[in-house]
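Generate coordinates for the entire structure from the input sequences, incorporating the hints supplied.
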Amino acid sequence: MAQTTTKPRSFQEIILRLQNYWAEKGCAVMQPYDMEVGAGTFHPATTLRSLGSRPWAAAYVQPSRRPTDGRYGENPNRLQHYYQYQVLIKPSPPNLQDLYLGSLQAIGIDMDLHDIRFVEDDWESPTLGAWGLGWEVWCDGMEVSQFTYFQQVGGHDCHPVSGELTYGLERLAMYVLGVDHVMDMPFNNPDAPIALKYGDVFRQTEQEYSRWNFDVANTDMLLKHFEEAEAECEAILSQDYDDPKTGKRIVMAHPAYDQCIKASHLFNLLDARGVISVTERQAYIGRVRALAKKCADAFVQTEAGGWAAE
Amino acid sequence: MNLPLPIAQLRRKATDMPDLLIELFSEEIPARMQARAADDLKKRVTDGLVNAGLTYAGAAAFSTPRRLALTIEGLLAESPTLREERKGPRVDAPEKAIEGFLRGAGLTRDQLEERDEKKGRVFFAVIEKPGRPAAEIVAEVLEDAIRNFPWPKSMRWGAGSLRWVRPLHSILCILSDEAGAEVVPMDVDGITSGNTTQGHRFMGSGRFAVSGFDDYAAKLKRDHVILSAEERANAIWQDATNMAFASGLEVVEDRGLLAEVAGLVEWPVVLMGEIGADFLSLPPEVLQTSMKEHQKFFSVKNPKTGRIERFITVANRETVDHGKTILAGNQKVLSARLSDAKFFWENDLRVAKAGMSEWTERLSNVTFHNKLGTQAARIARIAALSREIAPVLSVDPDLAQQAAQVAKADLSSEMVYEFPELQGLMGRYYAEAAGLPQAVANACQQHYAPLGPSDDVPSEDVSSIVALADKLDTLTGFWAIDEKPTGSKDPFALRRAALGVIRIVLTGDMRVNLDRFIDSQLLKHHITQSDADGADLAALNDMLDEIADHGVFGAALETVLAKLAPDAQAKVQEVAAPVPDISADLLAFFHDRLKVYLRDQGMRHDVIDACLSMPGNDDLTLLVKRARALGGFLTTDDGENLLQGFKRANNILTQAEEKDGVEYSFGADVKFAETDEEKALFAALDSAEAQIAPAMQAEDFEAAMSAMASLRAPIDAFFTAVQVNSDNQVVRRNRLNLLSRIRVICLSVADLNRIEG
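Chains as they are written, first to last, in UniProt numbering: chain A, 1 to 310; chain B, 1 to 757.
In short, the hints are calculated from the structure, not lab data. Since the model is a prediction, treat every value here as computed from it, not as a measurement. Please note: incorrect hints may appear among the correct ones.
[What the hints assert, rightly or not] Calculated pairs, DSS-like style, for lysine-lysine (alpha carbon to alpha carbon, straight line, at most 25 Å):
1) B/153 with B/43
2) B/87 with B/129
3) A/7 with B/595
4) A/197 with B/332
5) B/153 with A/293
6) A/7 with B/332
7) B/595 with B/484
8) B/342 with B/296
9) B/647 with B/659
See the structure below:
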């Protein structure tokens, strides 16, 4: 494992190195999904592509939003908007742990000085109807990644099994760069003519969104949007597979799934506004899960989902 | 290498008895599953071998985060040949019978033997099952163990269908004797067995071959893996305590954490770090919980101040900088975690000092159970009941009510949201910060007690009252909606709640009639669930007041109904009518739990039954007092003989009553007594009665029973000398009525009919 790498100097350099590393290992480097999601797992490149029999390998950054985690930019490491780095490989290769450790080395973590541990942490997403077994990966006691072998997504058994890696980029980068407060972290090269820190980019937005998320967001509107997204998702999925206009078989799994993502995020916003009681919470999660399951059912009826015309 | 005992003792094997070494190497096995998995591997493999005829001298299993290992010494090199003889039909039997016999034995006619028996010449089949080499059996048994391993949770990986706890990478399986080691060939879903493994993930030197268990353990150690979990745990504890001691500190013992940490490392390296001064003001429980839950750190305490000042972390490797980087990293993570905890603590203190109303109000948005309303409604019920119970312990009802109102406020706090296991404890801290009376603050923590059969009951009266009210409200609530425990299912821990009530009442020697509290609380639940409003609701609330004042449900109902016009009674009837049956059912549940509890303390079940059927059985303290006195009495010679006397009297009496169709219950007169023994019994009964009645009045069961004991001799003498069924009907009737006095006296103390023997 001994291989020396130079230390990265900025947040973006760490991201670029991960992109290069996983590109070298053969992943399709994709771009973030263009919708508000709570985690990289929601990107259809993970949720939907983990279904069905076709092999898949993708890596991407996903901006993620967790309204309840907003701290007005004051907490050293809690943010309502942050980046996740996500890798999904199907079937999971036998050397996935080694590949993963190689990625840590690539971003400047010296394996000879640090204590890397795989600590049991089973993953479950009640909203996606998904679960898997794996670990949280610790570097010197800090959780730097989530490592999961998907067993079920949208109620479907995963066959073959996908290996999923999720890096919390801010936390990981702060550790590698030796920064104590996320807002102090160099975003670009600190020697650049216009050197920007994470706070220069995101402090203001953290404040703005924290205020909106917690106190201002119009809950009646959010609720209405939730119901609309739910209804649209169901409406899309109730269409015939055969498109009457083109005469082709077009299962609209992705547009339906977009509505499911929307509903999920709206639920998170409602939750942050504190208008959802404990019992209602379960009911809302159940409604989103029902959508996710239907989308998964539809996806396996598509070519990418392994469906083949007789 | 220190071998575990069973192996070290068994160095006396014959040369033809090989040793077996198995290692299943995988990705990281969850720490909590390792020990059990090692045991399961040992059991499944050794059971399988023995079932196939392969006995062995000794076996031991081991686990590390990445491997399960099993060594078996002195295995048979092959299973013994089995010979079986079967007697068949006679040689002149019909062809069909002979064919059937051949089919069953799997032989042909020329393989059969013929022997002369008494009845003639008979076919015999001699079936020999040749022994099989150990390797063949081991491969079968191990494959079966792998495929059917009882992991609590297992998974698939890649494109395969094999299940294991995490991806399984290699199987080491060798049989070794003095001639050398041989791989037991096998293939499980593409994983072929071999004789190689690897050491530490980061400190190891790649794959290596092993020739037997000693070689395996030694090479693992060379490659920085301590195979035995116990050895790892001991090393951790030793180093941790030494390190703390050197700084004048001590490690807070935590066996569960030690076992878990020993399952997270193959090469433990203990490091001690500082907790930032900023955080030392946090409650020690918060420090300890945060460090343990999030980071698996041990707490290190200063014995002089009792404060937790440092932490111990256990790394999985040595480094050239002696762990400096690792410790710095861990320290940083801890600071971030404790910053969060401090943030919660300070926010919570602000709310607490403002009187906690923000929290209690929020509980009205939190559902306790969808049929039992919100947490706020539940707290209001508990507070009202606490008021009612308070006089039993001579506690100010206002104080009890206040305690109940804030006892669960901390459920809304940020700290409890983050660390649910700190509920109650945080409540105490926050109530103290709010300046509430100490008894109220303590109730916040103690009212959850007892949490299990060995957990202490609350030590203070106010806490006991809220604890009782809380548990009674929960029990009556789930009884009201018919969500009672069934079989092994008790999702709301109702058995635990009932046992809690029993233990609080008995430990506190509390004299409380549970009936009235159960009735009123059940009625409250029924009112909540009904749609009663207006005058109906007012009448039902009246009824609650009546029960609170007089304690009798039926009378309360009548009083309330009497005030209503006949056509306005329906709703009240409808809501209140089911209460007595449900109440009786819940009391029976308490009695069941009480029986289990007393039986565990060695009390005879028939003694308990004898007391359960006496009046006032909703007063558990009285019930147990009676049972203890009776249990003690029955162990004495007098008690045992008196019981026999009672049974004899009762039998004779019952038979006579059945035969005559009358009840002999009074009218025995000494003037019809014929013998001295008979007269003596009259006198003894008079004197015993005079003592028993006041003793029972005073609930002095010992005194009552010792007075009963004085009857033993006169009863014995009576039965020896007197024939009850005299020809003289007057005398006979008088004697039967005399026996009835024995029965009445005995039954006034307990239902002796239920005593066995």
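Results of checking the hints against the structure:
1. The straight-line distance between the Cα atoms of residue 153 of chain B and residue 43 of chain B is roughly 19 Å, inside the 25 Å bound, and the hint therefore holds.
2. For the suggested pair residue 87 of chain B and residue 129 of chain B, the alpha carbons sit about 17 Å apart, so the restraint of at most 25 Å is met.
3. For a cut-off of 25 Å, the pair hint linking residue 7 of chain A to residue 595 of chain B is broken: about 69 Å separates their Cα positions.
4. At roughly 21 Å between alpha-carbon atoms, residue 197 of chain A and residue 332 of chain B fall within 25 Å of each other, so this suggested pair holds.
5. Of the pairs offered as hints, the one joining residue 153 of chain B and residue 293 of chain A holds, with about 23 Å between alpha carbons and a cut-off of 25 Å not exceeded.
6. Note on residue 7 of chain A and residue 332 of chain B: the hinted pairing holds, with a Cα-Cα distance of about 19 Å set against a maximum of 25 Å.
7. For the given pair, residue 595 of chain B sits about 18 Å from residue 484 of chain B by alpha-carbon distance, which is consistent with the 25 Å threshold.
8. A C-alpha spacing of about 19 Å is found between residue 342 of chain B and residue 296 of chain B, which places the hinted pair at or below 25 Å, so the restraint holds.
9. A distance of roughly 18 Å separates the Cα atoms of residue 647 of chain B and residue 659 of chain B; the hinted pair therefore holds under the 25 Å criterion.
Consistency with the previously given hints fails for number 3 only.
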